[in-house]
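Novice: Use these hints to put chains B, C, D, E and F onto chain A, whose structure you have.
There are 6 protein chains.
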Amino acid sequence: MSLTKNLRLVMNKSNGLRQLSTSIDTNYNFKTLKVTAPSEYVFHVEFNRPERRNAMNPTFFAELRKCFEQLKYDQDCRAVLVSGKGKGFTAGLDLTELSQMASMDIEDVGRKGFQFQRVIEDYQTSLTSIEKCHKPVIALIHGHCIGGGIDLITACDIRYCSKNAWFSVREVDVGLAADIGTLQRFPKITGNDSLVRELVYTARNFTPDEALKLGLISHISEDESALINKGLETAKIIASKSPIAVQGSKINLVFARDNKVEDSLKFVSAWNGGMLQSEDLIKSAMASMSKEEATFSKL
Amino acid sequence: MSLTKNLRLVMNKSNGLRQLSTSIDTNYNFKTLKVTAPSEYVFHVEFNRPERRNAMNPTFFAELRKCFEQLKYDQDCRAVLVSGKGKGFTAGLDLTELSQMASMDIEDVGRKGFQFQRVIEDYQTSLTSIEKCHKPVIALIHGHCIGGGIDLITACDIRYCSKNAWFSVREVDVGLAADIGTLQRFPKITGNDSLVRELVYTARNFTPDEALKLGLISHISEDESALINKGLETAKIIASKSPIAVQGSKINLVFARDNKVEDSLKFVSAWNGGMLQSEDLIKSAMASMSKEEATFSKL
Amino acid sequence: MSLTKNLRLVMNKSNGLRQLSTSIDTNYNFKTLKVTAPSEYVFHVEFNRPERRNAMNPTFFAELRKCFEQLKYDQDCRAVLVSGKGKGFTAGLDLTELSQMASMDIEDVGRKGFQFQRVIEDYQTSLTSIEKCHKPVIALIHGHCIGGGIDLITACDIRYCSKNAWFSVREVDVGLAADIGTLQRFPKITGNDSLVRELVYTARNFTPDEALKLGLISHISEDESALINKGLETAKIIASKSPIAVQGSKINLVFARDNKVEDSLKFVSAWNGGMLQSEDLIKSAMASMSKEEATFSKL
Amino acid sequence: MSLTKNLRLVMNKSNGLRQLSTSIDTNYNFKTLKVTAPSEYVFHVEFNRPERRNAMNPTFFAELRKCFEQLKYDQDCRAVLVSGKGKGFTAGLDLTELSQMASMDIEDVGRKGFQFQRVIEDYQTSLTSIEKCHKPVIALIHGHCIGGGIDLITACDIRYCSKNAWFSVREVDVGLAADIGTLQRFPKITGNDSLVRELVYTARNFTPDEALKLGLISHISEDESALINKGLETAKIIASKSPIAVQGSKINLVFARDNKVEDSLKFVSAWNGGMLQSEDLIKSAMASMSKEEATFSKL
Amino acid sequence: MSLTKNLRLVMNKSNGLRQLSTSIDTNYNFKTLKVTAPSEYVFHVEFNRPERRNAMNPTFFAELRKCFEQLKYDQDCRAVLVSGKGKGFTAGLDLTELSQMASMDIEDVGRKGFQFQRVIEDYQTSLTSIEKCHKPVIALIHGHCIGGGIDLITACDIRYCSKNAWFSVREVDVGLAADIGTLQRFPKITGNDSLVRELVYTARNFTPDEALKLGLISHISEDESALINKGLETAKIIASKSPIAVQGSKINLVFARDNKVEDSLKFVSAWNGGMLQSEDLIKSAMASMSKEEATFSKL
Amino acid sequence: MSLTKNLRLVMNKSNGLRQLSTSIDTNYNFKTLKVTAPSEYVFHVEFNRPERRNAMNPTFFAELRKCFEQLKYDQDCRAVLVSGKGKGFTAGLDLTELSQMASMDIEDVGRKGFQFQRVIEDYQTSLTSIEKCHKPVIALIHGHCIGGGIDLITACDIRYCSKNAWFSVREVDVGLAADIGTLQRFPKITGNDSLVRELVYTARNFTPDEALKLGLISHISEDESALINKGLETAKIIASKSPIAVQGSKINLVFARDNKVEDSLKFVSAWNGGMLQSEDLIKSAMASMSKEEATFSKL
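Residue numbers (the UniProt record's numbering), protein chains in the order written: chain A, 1 to 299; chain B, 1 to 299; chain C, 1 to 299; chain D, 1 to 299; chain E, 1 to 299; chain F, 1 to 299.
Be a bit skeptical, because a hint or two may be false.
Treat identical chains as interchangeable: a pair holds within one or across any two.
[Claimed, not checked] In the SDA-like style, the derived pairs of lysine to any residue whose C-alpha atoms are separated by at most 25 Å in a straight line are:
#1 Lys188 - Glu262
#2 Lys283 - Arg118
#3 Lys132 - Arg118
#4 Lys72 - Lys132
#5 Lys283 - Glu107
#6 Lys188 - Val261
#7 Lys291 - Leu95
#8 Lys283 - Asn205
#9 Lys298 - Asp76
#10 Lys66 - Glu131
#11 Lys260 - Ser129
#12 Lys298 - Glu233
#13 Lys72 - Asn29
#14 Lys230 - Trp166
#15 Lys230 - Pro50
#16 Lys132 - Arg257
#17 Lys236 - Asn48
By construction, these hints were calculated from the structure, which means they are not laboratory data.
Extracted from the complex, chain A is given alone in its bound form (with noise of 0.2 Å):
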C-alpha cells in the first residue's frame, strides 16, 4: 500500500509498536507456580506447593495473576493446563491466612473495610486474569478442591477431573461467603442452581460422579495420570486450530456471558469486520478442502 509508505518517509519512525504496549515480561519463573511447555504452543501451570497441599497464599495469587496475564500476550501459548503438584489440586486459602487477616492490627471498622476490599480486589483480580486470557485454559482436577480451588477452576474454560477427586465449597465452614468468583460464577456455568445453592450453604464434599452430573467437568479420567493426558490430548487439539479463530471465540464467549445476545452479537459483529479478514480463514478453507492440516502464523 503506497500510502504507509509515503507516510512512512515523511515521519522517522524511531520507536517501533512494541513500545506503545506496556511491556511484558516473559519469564516464568515463579516460587508456587510450575511452567513448562509440554507440547508445541501448550503451556502447563502446576501449582507447586504439594507440602501445603497448594494452598493459596498472597505469593501464589501474585503469581498467577503475573503468570497469566503474560501468557495471554504470549505467541509461543495457545492453550493452557492448569493442575496441582501433589496429593490434591488445591486446599484453597490458608486459614493461617485468612485469621491474620481477621486479626489485622487496624481498629477502625471503616478502615479495616478498605483493607480487606483492596486484599479481596487483589485476588479477585488473579482470578479472573484466568479469565481475560485469550487462550482456552482447562483445569485438571485431582484429588481435593477445596474453597479457592472451586473460584479458581470456575474461571477456567474446561473442566476435567480423575476419579480421585474431591470439592467442596468450603467458605461456609470458614465463616464467610465466598468472594472471589464461586458464588458469581459456579451457577451460570452449571445446570442445577437447587444442588449449586446445597453444595454452597452446606460446604458439603461431592465426587466427580456429582460433578459430572451438575455439569461443572466434563470428562473424568481414571487416574491423574490418564487425567494429565486426556488434558494434553485436548490442549493439543486446540493449539492446532487457527490461533484467531480460538482466541476470539474465547473472549466473544465471555462478553456473551455478561451480555444480552442482541449485544452480543452486535459485538461478534464488531469483531469480525476485522477478524474475517486475516490469512487464517483463507488457510483453513484451503486445508479443508485439500484435506491438509493449516499451520498458522504466530498470534
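Specialist: This is chains B, C, D, E and F only, laid out in the frame that chain A set:
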C-alpha cells in the same frame, strides 16, 4: 471505643435501634400456612389447605408474604422447609379465582388492566419474598406441584421431591402466560432450555426423573416421610453454620444471577469489607483447627 | 361500547387497520425452503437443497428470514417444525461462500470491514427471525448439523434429534469465531459450560447422547421418521392450546433470558394486564371444568 | 360478552377482586405528615415537624412509605405535591438518630452490619415508594433542603423551588457516603456531572440558580406562596388529563431510566397493547376534536 | 496476498458479495417524503404532506423506514437532513388514525392487544431506523413539532430549530403513554429530568429557548431559511470527514448509550481492531500534516 | 475482642497484611508527569512535556496508569489535581504515534487487529485508572484540550477551565472513532446529546462557554493562575472531609452510573453496612455538634 462513649454522653439515647426499622410482627398464626420449628433454627412452613389441594388463593399469597418477611429477620430462623399438607404440594392458582378475575366488574379495558397488574404485582411480591428472605429455603415436593406451584418452587433455593411427585407448568392450559415467576426463573436454574420450553408450551406433566435430569431438583426421596427427613437433615446442617456466611452467600447468589460477573464481584467485595470483620470468621477458623463445633450468635 | 360507535360516526373509516402495519406477503414459495402444513395450525419448514447438504447460502438466509417474518403474523400458524431434506439437517455455511467473502474485491480494510459486518448482520437477522417469530419452533435434527446449523438450532425453542444425528460447532475449523448466534446462545440454553467450550474450541463432532446430557436437545428418536412424528405430536399439542397463552409465553421467555428477574416480572405484568382480558382465559377455564377441549379463535 | 356471563353462572362469585389484592388502608392520619386535598384529584403531603426543621426520623420514613403506598392506589389521587411546613423543606436525617445508629449496642461487626443494612433498606424503600407511586409527585422546596432531603427530591418527578431555597448534599459532612438515593439518582436526572460530584464531595450549599442550571429543578418561584401556587397549577393540569395516560407515562419513564432503549420500547409495547383499548383514548380524541374537556373515570 | 489469489483459482467466483446481503433498492420516490441531495454526500429528507401538517400516517412510517434502511447503505450518503415542508415539522400521529385503531373491529381484548403491539412495533421500527442508519441525521425543526414528532427527533443525532418552532409531547392529551420513543429516549439526551417529566405529564407547548436550556436542541436559527443553511453547513462538514470515522462514531455512541462504560470500551476496541487499518487513518494523518483536505473513498 | 487474641496465640503471625496485597511502589518520579503535593493530602499531577504540547505518547499512558494506581492506595492522598504544563492541557495523541501504528509491520489483518486491540486496551486501562482511583480527581484545563485530552478529562470527577481554554473532540479528523473513552463517557456526564454529537462528528473547536452550557465543565476561571487556585481550594475542602465518606461516594457514583438504581441501592447498602461503623461517622457527628473541625485518620 471511647469515641462512642463520649457520644453517648452528648445526647440522650431515648429510643433504640429497634424503632429505626419498620417493626415486624413475629407471630406465625396463619389460616393457610402451618409454621413449626422442627429443630433449632429450622422452620417448617406447610401449606395448610389440604381439602383444596393447597390451591393458592389471595389469603395464601398475603400470608406467604407476611410469613417470609418475618422469617427474613427472625433471629431464631436460619433455614426454612416448605411443603404441602395432604396429598400434594399445591394445585396452583384456583381456577375459581382466575375466573373471578376474568369476570371482574370493570368495563374499561385500561382500568381493568391496572387492576390485573395490581393483583399480579401482589402475587409476584409474595413469591419473591421467598427469594428476598435471607435464609435458605428448601422446597420439599410430594404429589402434585402444578402451575403456581412451579412459580413458587423456582423462587426457593433448593428443591427435593419424593418419587410420587409430579409437576406441570400448567398456565398455558388455563389460557395465560405464567406471570408470577416461572417464565422468569425456570430457565435460569436448570440446564436444558429445550425441555423447559416444551414443558411450558405443552403444559404436560413431568416426573421426578425428568425434573432431576433437567436440573430442577437435586434429590429424589423414596416417599414423603423420607423427603421430610432429607430436607430436615440438610436444613440442620445449614443451621449449624455461621449465619453471617450462609445468609451472605444467599444474598450474593441472588445478586449474581441478575448481574454481570464483574459487578457481582464488586458487590461481594463491598459486602465482605464489613462481614469479614465478624467474629464468625474467627470462631469458624478456631473450630476448624480444634475440630470442635462452633456456636454462632443470633443474627 | 357507545363511545366507539360515536367516534365512528365522527370520522370516515376509510382504511382499516391492515393498512396501518407494513403489509406482509403470505406466500411460501421459496427456492431453498419447502413449506407445508402437515396438520391444522402446524407448519413444516424443510431445508430444500439436499444436493448441497442444505448448506446455507445467501438465498437461504434471505428466504429463511422472509419465511419466519411471515409465520410470525400468519394466523394459520401456531407451531413450526424445522428439518432438513436429504441426508442431514445442514452442513452449515458454504465454504465456497466464505471464501468469496474472504476474497472480496475491496482493498481497504475498513471498507471491507463494513461490508463484512453488513453480511454478518444480515445473517444474524435471518436466524434471529426464528426467535422473534411468536410461534414455538421445533428443530428436528437428523444426520449432520454443522457450523451454521448450530447457530440456527440454538435460535429455535425446542430441539429433538434422531439417533443418527451428529453435531459440530465447526467455525474454528474454518478459521473464525462463530458470529451468527452459537457463541451467544449455546451456553445460555445448556447446562455444562465446560463441555460447550470444549466443543467450540476443538470443533469436534459430538453425538446425540452428548447433546442430551449437555442439555442441547431434549429427546432422541429412533430414526428420522420417528423424529418427524415426535415433532409433529408436540407441535399438535402446542397448536391445540390458546395461542394467546403460547405466544405470550415465548415472548416472555425470550425477554426473560436477557433481563433481570425483576424487570422480566414487570414486563409480564404489563403484558398480562391486557392479555388476561382475553376470551381464551375464560374458554380455557370452562374447558378445564367441563373436561372438553376448547377451540380458540385465530390470532 | 356472553362467555363471561356463562362463566359467572358456573361458579359462585362469593368474594370479589378487592380481596385478591392485599388490602390498603386509606386513612392519611400521620404524626410527621399532614395530608390534604387542595383540589380535586390533587393531594398535598406536608412534612409536619417544623419544630425539628422537618428532620427525617424513623417515624417519618415509616409514614412516608405508608402514605405513598396508599396514594399509589388511591383513586382520588392523580397528582401529589410535597413540601415542608415551617422554615424549610427538610434538614435531612437527624444527627441524633445517626449517632444512635453508630452507637448501637451490638458488638459484632457482622451482626451490626446486618442491622445497618436493614435500616438502610427500610429508608431506601421509603423513598423509593415515591418513585413506585403511579402518580406524578412534585417537590416544592423552600428554605433548607439538606442531606436526606436531596435523596428524597431526586426520587420525585418534578422539582420546583422558591428563591429562598438552598440545597446541600450533606452526607460527606456527617462521615458517610449518601445511601438512600442521592448517589444513585442525582447524576441521572441532571446535566452536569462535574458539578454533581463537586457538590457531593464538598457538601457545600448551593442556590436555586445553580440548581436550575444544573438541571435539578425546573422552575424558581418568587416566594413560598407563589411556589405552592405554581405547584398546584401544574398538579391541576396533570389531574385533568387521562390517568391512564399520565400514570402509564410515569411507569414507562421509570422503566426506561434503568433499561436499554430497545427493552424499554418492548415494555411500552406490551403496556400499550392493553392500554390503547381504554376508553380514555376515545374520550381524549373526541374532546380534542370538539375542543371540550374530557372527564375521565377513576383509576 | 497470494493466498487469496490461489483461493480464487480453486473455486469459481460466480456470484459476488453483493448477492450475499439482502439487496436494497436505491430509489427514493415516496409519497410522503421528498428526498434530495443538496450537496455531495448530503441527503435531505423532507416530510411532504404539508396539507396534512405532515401528520404521520401508516404510509409515512413505512416510507420513512424504507428511506433510512436505504440511506444506511447508500454510498452516496454521509449525512442526512430531516425537515418538514409547509408550516411546520410535523403534527405527529393523525388523530384519525388513532381513532381507527381504537375502533378496530376485533372483539377479543387479547387479540386486539396483539394487533396493537404489531402496529406499535412497526412504528417503533420505523423511527429506530433513523438511529440504526449509520449516517448522522440532523433534524431541522420549524413551526410545530408535536407528539410523534418528538419521538422522531429524539431518534436523530442532532437537533436544530428556528425561532418560530414550538414543541409538545402531546401523547397524554390523546389519552396514551407515548410508545414510539419519547419516554425511552427523551430523558437520556437532555439534562433536566424535572422539566422532561413536566412536559410529558402536562403535554404543554414549549419554546425553542426552553428546548435549548433543556438540552433538547443545540442551536436556534433566525428563520426557516437560516435553519436549512445551518443544517446544510454542519452536514457538509460531516460529509467532508472520513466516513469510516464518522459512522464508526455514531455506531459506538449508540452502543455506549445502552451499555456500561466498560462494555462499550470493549466494543470500540473490537471495532477499531479492524477499522484502524483503514486507509482513512493515513489519509487523514497526511492531510493533517500537509494542511490539505483529504478525499475519502466511498463507504 | 478476646477471640482475636486467642487466635493470635494459636498461630505465628509471621507476615502481616501488607504482604497479602500486591505491593505498590510509592515513588512518583516520572518522565512525562510532574507530581507534587501543594497542600496536605492534595496531590498535583502535571503533564510535563510542554515542548510537545503534552501530547500523549506510550510513556505517558504507562506512567499515568502507574501514577493513579499508586494514588489509589496512597494514604497521603485525598484529592488530585490534573493540569498541563506550558501553553495548554494536552494536544492529545501524537499523530506520529498514530501513523506508526497504522504502518506497523504486520501483514495479516487479523494479527494486526489483535495488536491494535492490545494497544487500545492499554490506553483505555490507563485512562480508566483515573476513574478507579478512589480519590476525587479535578481536571484543570487551560489552553488546548484536544482528542485524547477529552477522553482523559471525561474520566475525571470534576472539570474546571480557564477562559483561554479550548476543546476539540478531534478523533474524526484523524480518521477514527474515538476509542479510549470519549464516545463512552462524554454523553453520560453532560446534558445536551445533540451538541455532543455535533462536536464528535465535526471535530470542531469549542469554547469554555459552550463547555459550561453543555455541562462538561462546572467553573470558568479568569486565567491559569486563578484556575489552579480554584482547583486547589476545592481539593483542600475535599481533603478536609472524612476520606471514608469521600472515597465511598466516588466508588458509589461510579457504580451507579453503570447500574440500575435498584442495584446501586443494594450496592451502597452492602457498602455502608460496614462503613457506617467507622469512627469517621462519630467524629463528624461530634465535630458538627461542637462546630469544630474533625481530624480524620489516614485511609
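Novice: Hints first: check each against the structure and report whether it holds.
Specialist: Now for the hints, and whether the structure bears them out:
| no. | hint | in the structure |
| --- | --- | --- |
| 1 | Lys188 - Glu262 | both (19 Å within a copy, 13 Å between copies) |
| 2 | Lys283 - Arg118 | between (47 Å within a copy, 23 Å between copies) |
| 3 | Lys132 - Arg118 | both (20 Å within a copy, 12 Å between copies) |
| 4 | Lys72 - Lys132 | both (7 Å within a copy, 23 Å between copies) |
| 5 | Lys283 - Glu107 | between (63 Å within a copy, 15 Å between copies) |
| 6 | Lys188 - Val261 | both (15 Å within a copy, 9 Å between copies) |
| 7 | Lys291 - Leu95 | between (55 Å within a copy, 13 Å between copies) |
| 8 | Lys283 - Asn205 | between (48 Å within a copy, 21 Å between copies) |
| 9 | Lys298 - Asp76 | within (7 Å within a copy, 40 Å between copies) |
| 10 | Lys66 - Glu131 | both (13 Å within a copy, 23 Å between copies) |
| 11 | Lys260 - Ser129 | both (23 Å within a copy, 16 Å between copies) |
| 12 | Lys298 - Glu233 | within (21 Å within a copy, 49 Å between copies) |
| 13 | Lys72 - Asn29 | within (16 Å within a copy, 29 Å between copies) |
| 14 | Lys230 - Trp166 | both (18 Å within a copy, 22 Å between copies) |
| 15 | Lys230 - Pro50 | within (22 Å within a copy, 37 Å between copies) |
| 16 | Lys132 - Arg257 | both (13 Å within a copy, 21 Å between copies) |
| 17 | Lys236 - Asn48 | within (23 Å within a copy, 38 Å between copies) |
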